[in-house]
Amino acid sequence: MKHLARIGFWLLVLAIGLFSIFPFYYAIVSSFRSGAELFSVAYLPQRLDFSNYAAVFERQPFGRNILNSILVAGSVVAVSLGLGITAAYAFGRIAFRGRSLLLMTILAVSMFPQVAVLSGMFELIRSLGLYNTLPGLILANLMLTLPFTVWVLTTFMRELPKEIEEAAYVDGATPWIVVRRVFLPLMAPAAVTTGLLAFIVSWNEFLFALTFTLTNEQRTVPPAIALMSGSTAYELPWGTIMAASVIVTLPIIALVLVFQRKIVAGLTAGAVKG
Amino acid sequence: MSGAIAGTGVPAPSLVRARRSSLTRSRIRAAWLFIAPTLVILTLIAGWPLARTIWFSFTDASLNSLDDYDFIGFENYLANYDGEWLGLLTEPDWWHSVWNTVWFTAISVSIETVLGIVVALILNAAFPGRGLMRAVILIPWAIPTVVSARMWNWMLHDQFGVINDMLLRLGLIAAPITWTANPDTALWTVVMVDVWKTTPFMALLILAALQMLPGDIYEAARVDGVHPVRVFFRVTLPLIKPALLVAVIFRALDSLRVFDLIYVLTANSRDTASMSVYARQQLVDFQEVGLGSAASTLIFLIIALLIVITLALGRVRLGEDPR
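In order, the protein sequences belong to chains H and Z.
First residue of the first sequence: 1, per full-length UniProt numbering; consecutive thereafter.
First residue of the second sequence: 1, per full-length UniProt numbering; consecutive thereafter.
Chain H with its partners taken away, still in its complex shape (with noise of 0.2 Å):
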C-alpha cells in the first residue's frame, strides 16, 4: 500500500512534468525539420537543421520586431518602476485621506478589461500623432503595468519596519531624500522582482500591438507571430513559426528559471494577472 501510494505520487509528478515540458519540446523538434518532413509526426529530433532559424529572419523583419518588443518592455519597466516606487511609498509609507480610495482606484484599473479603453486608445494615440509607433505601444502598456507595479510594490513598502525612515526624518531628511537614499536601495530586490513581471506583461501584450501598429517594421514579437503567414493561405509555415516560437522563448524562459523565486514572490504579494 505504502509502495503504491508511492509509485501513484511519482507518476503523478511525472505527468505534471510532462505536460509542463511537452509543448515546448515539441516547438523545439519541429523547428529543426522543414518542407514535407512536417507532415509526418516526430517525437525525437533526427538532426539539427538551422534553416527555419534563417528563414524567420530572412522572410520578415524579425530582428526588428524582437528590438521593438525589448525597447517597449525595457522603458515600460523603466517609467512603471520609476513612478511606482515613489508612488508605492506616499501609499505605503503615509496615511493621508484618501489614501485608500486611490489605491483601490488603481487596482481596479489593473483589473481593467484592456478592449474596454480599446477605441478611446486608438484615438488618443492618433492624435498625439503616435500611431504606428513604438511610444504609443509604450504609453498603451504602461496601462497595464503601472497599476499592478504600484500595487506590488506598496504591498512590499508596508512590509519594512516603521522605524527605517524615523531615524531619518530625525535628522532632518525630506521626504525625497527618504525614499532615495533609503528605499530605493532597500526596495531593489522588490523592484527586481516588479519589474520581471512588468517586462514580462509587456513582452507578451498583444490586443494594443496588433491594433495600434500597421506595418511589419513597427509590429512586437507577439502580432509578428500571429500574422506569420506562409505563401498561400492555407500552407503555413509551421516549421518556421515554431522556430520563432522557440526563440522568443527560450530567453523568458531563461528568466524564469534564474528568477523563480522572485516571481512567484510577486506574483503572491500582488496576485497580479498570470
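Incorrect hints may appear among the rest.
[Stated by the list, open to error] Every beta carbon over 12 Å from chain H, so not counted as near; a handful from chain Z, in silico:
1. F71
2. D93
3. H96
4. W99
5. V102
6. V118
7. T178
8. A186
9. P214
10. V231
11. F233
12. V235
13. I249
14. R257
15. D260
[Unchecked claim] Distance ranges between label pairs, derived from CB positions:
16. H:A42 to Z:L39: 26 to 36 Å
17. H:W10 to Z:N268: 18 to 28 Å
18. Z:V308 to H:A95: 18 to 28 Å
19. H:W10 to Z:W188: 49 to 59 Å
20. Z:I217 to H:G172: 33 to 43 Å
21. Z:S26 to H:G82: 29 to 39 Å
22. H:R158 to Z:S26: 31 to 41 Å
23. H:L67 to Z:T90: 43 to 53 Å
24. H:G82 to Z:D184: 42 to 52 Å
25. Z:T43 to H:W10: 15 to 25 Å
26. H:G172 to Z:D67: 53 to 63 Å
27. Z:G171 to H:L11: 44 to 54 Å
[Unchecked claim] Computed footprint of chain H on chain Z, listed as stretches where at least three residues anywhere in the stretch have a Cβ under 8 Å from a Cβ of chain H:
28. 76-87
29. 138-150
30. 195-201
If you are wondering where the hints come from, they were derived from the structure by calculation, not from laboratory data.
Heads up, the beta-carbon is just placed ideally off N, CA and C, and yes, glycines get one too.
Assemble chain Z onto chain H, guided by the hints.
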C-alpha cells in the same frame, strides 16, 4: 518651524506636537507630489480613453472618420426602426460571445482550481527535485500567450498534429479530429490550452497559502490517526479558503477579458469568439467604432460590477493602516 527652544535641551510639549504636525503636513504634501505623476498618467491612458470609449458608444463614429460623428443616444445598444428592434442587445452574435466567455470562464477556472490544488499539494510535499519541479511548472505561464496558442495550433493540427497522432496510436480515436475548427471541440480546446497555461499561477498562489499553515495542526491530526483525506477537507481546505477565493476571483476576472488565446487559436470563428474578440472585430475589422464601443462598454460594466463586489469583499484587508 524650528524645534527646540534655544538654551534648553528639551523642547516644550506643545512645540513637539507642532513640529510633529508640521512634519506630518509636509509628508502629506510630499505624498501627493509623489503620486501625482502616476495619477496624471493613469488618468491620461486609462481614465480618458475609458470615458471616450463610453462616449463613442453613444455615437455613430467609424474608424476612418473618428472626428466626424453624430450623437445617436442608445441606438447602438437598442433602437426601434419601424417596429423592428435593432442594436447590440438584439444581436445574436453578441449574446453568443457573452455565452462563450461565461462558459469558458466557468469551466476553465473550475478545472484550474482543482488541478491547482492538486499541483500545490504535490509541491508542498518534500521530495527530491521539488525545486526543479516548481521551476518546470512555471514554463507554461512564462510562454507568451500568442506563442503558446501557436504551439498548440500546431500540436492540434488536424492532419499533421501530434495530439491526433498520439490518440490514434493509443486507439482512443478512430479518425483525426479537427480540434479548433469543429464547433463541438473548439471551445474545449481553448479551455484545455488555458488550463495548461494558467494552472501554474493558480498552483503557486495556493502553494504560498499552504506554506503558511502551522505544522502542529497536522502533527496533532497525525497523532490522532485522522485519515489524510479527512484532514484535507476538514483542516487544509478551510484554512486556505481566503487565498483560494482571491486566486479564483483574479483568474475569473482575467478569463472574462480573454482575447489573445481565442483570437490566435481559433481565428475569428463565431463559435468561439469571446466578448473581447467580438468588440475588437466590430471596432477594427468592421470599422464600427460606435457599435464596438457599445460592446466594450458593456464588457467594462460587467467586469466593473465584479470588481466592486471583489473589492467590497476584500475591503477589510485593503483599508488596513500602514505601520
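Okay, the hints, checked on the actual structure:
1. The Cβ of F71 of chain Z lies farther than 12 Å from every Cβ of chain H, with a closest approach of about 15 Å, so its non-interface assignment holds.
2. No Cβ of chain H approaches the Cβ of D93 of chain Z within 12 Å, the least distance being about 16 Å, so the stated non-interface status holds.
3. With a minimum CB-CB distance of about 17 Å to chain H, H96 of chain Z clears the 12 Å threshold, and the non-interface call stands.
4. Chain H leaves W99 of chain Z outside its interface by the beta-carbon criterion, the shortest separation being 17 Å against a cut-off of 12 Å.
5. With a closest Cβ-Cβ approach of about 14 Å to chain H, V102 of chain Z is found to remain outside the 12 Å limit, as its non-interface label requires.
6. Chain H draws V118 of chain Z into its interface by the beta-carbon criterion, the shortest separation being 8 Å against a cut-off of 12 Å.
7. Listed as a non-interface residue, T178 of chain Z keeps its Cβ farther than 12 Å from every Cβ of chain H; the least gap is roughly 14 Å.
8. No Cβ of chain H comes within 12 Å of the Cβ of A186 of chain Z; the nearest lies about 18 Å off, and the non-interface call holds.
9. Its beta-carbon lying about 18 Å from the closest one in chain H, P214 of chain Z satisfies the requirement of being farther than 12 Å from that chain.
10. Residue-level check passed: V231 of chain Z sits 15 Å from the nearest beta carbon of chain H, beyond 12 Å.
11. The Cβ of F233 of chain Z lies farther than 12 Å from every Cβ of chain H, with a closest approach of about 18 Å, so its non-interface assignment holds.
12. Look at V235 of chain Z: its CB is around 20 Å from the nearest CB on chain H, clear of 12 Å, so calling it non-interface holds up.
13. The claim that I249 of chain Z is not at the interface with chain H is violated, since a C-beta of that chain comes within 12 Å of its own (minimum 9 Å).
14. With a closest Cβ-Cβ approach of about 4 Å to chain H, R257 of chain Z is found to fall inside the 12 Å limit, against its non-interface label.
15. The beta carbon of D260 of chain Z is not kept farther than 12 Å from every beta carbon of chain H, the shortest such distance being approximately 4 Å.
16. Distance hint for A42 of chain H and L39 of chain Z: a CB-CB separation of about 55 Å, inconsistent with the stated range 26 to 36 Å.
17. A hinted range of 18 to 28 Å is violated for the C-beta pair W10 of chain H and N268 of chain Z, which are about 44 Å apart.
18. At about 25 Å, the beta-carbon gap between V308 of chain Z and A95 of chain H stays in the expected band of 18 to 28 Å.
19. Restraint check, W10 of chain H to W188 of chain Z: a C-beta distance of roughly 29 Å breaks the suggested window 49 to 59 Å.
20. Taking 33 to 43 Å as the suggested C-beta distance range, the pair I217 of chain Z and G172 of chain H does not conform, at roughly 50 Å.
21. Between S26 of chain Z and G82 of chain H, the C-beta spacing of about 23 Å breaks the proposed range 29 to 39 Å.
22. The beta-carbon spacing between R158 of chain H and S26 of chain Z, approximately 21 Å, falls outside the hinted interval of 31 to 41 Å.
23. At roughly 47 Å, the beta-carbon separation of L67 of chain H and T90 of chain Z lies within the given 43 to 53 Å, and the hint holds.
24. Between G82 of chain H and D184 of chain Z the beta carbons are some 50 Å apart, a value that agrees with the proposed interval 42 to 52 Å.
25. A beta carbon spacing of about 54 Å between T43 of chain Z and W10 of chain H contradicts the range 15 to 25 Å that was offered as a hint.
26. Remark: the range hint 53 to 63 Å for G172 of chain H to D67 of chain Z is upheld by a beta-carbon distance near 54 Å.
27. Evaluation of the 44 to 54 Å hint for G171 of chain Z and L11 of chain H yields a failure: the beta carbon distance comes to about 21 Å.
28. Restraint check on the segment 76-87 of chain Z versus chain H: 0 residues with Cβ-Cβ distances below 8 Å, three needed, restraint violated.
29. Only residues whose C-beta sits within less than 8 Å of a C-beta in chain H count toward coverage, and the segment 138-150 of chain Z has 13 of them, enough to reach three; the restraint holds.
30. With a threshold of 8 Å between beta carbons, the proposed coverage of the segment 195-201 of chain Z by chain H holds, since 5 of its residues qualify and at least three are required.
In summary, the structure is inconsistent with hints 6, 13, 14, 15, 16, 17, 19, 20, 21, 22, 25, 27, 28 from the numbered list given earlier, while agreeing with the others.
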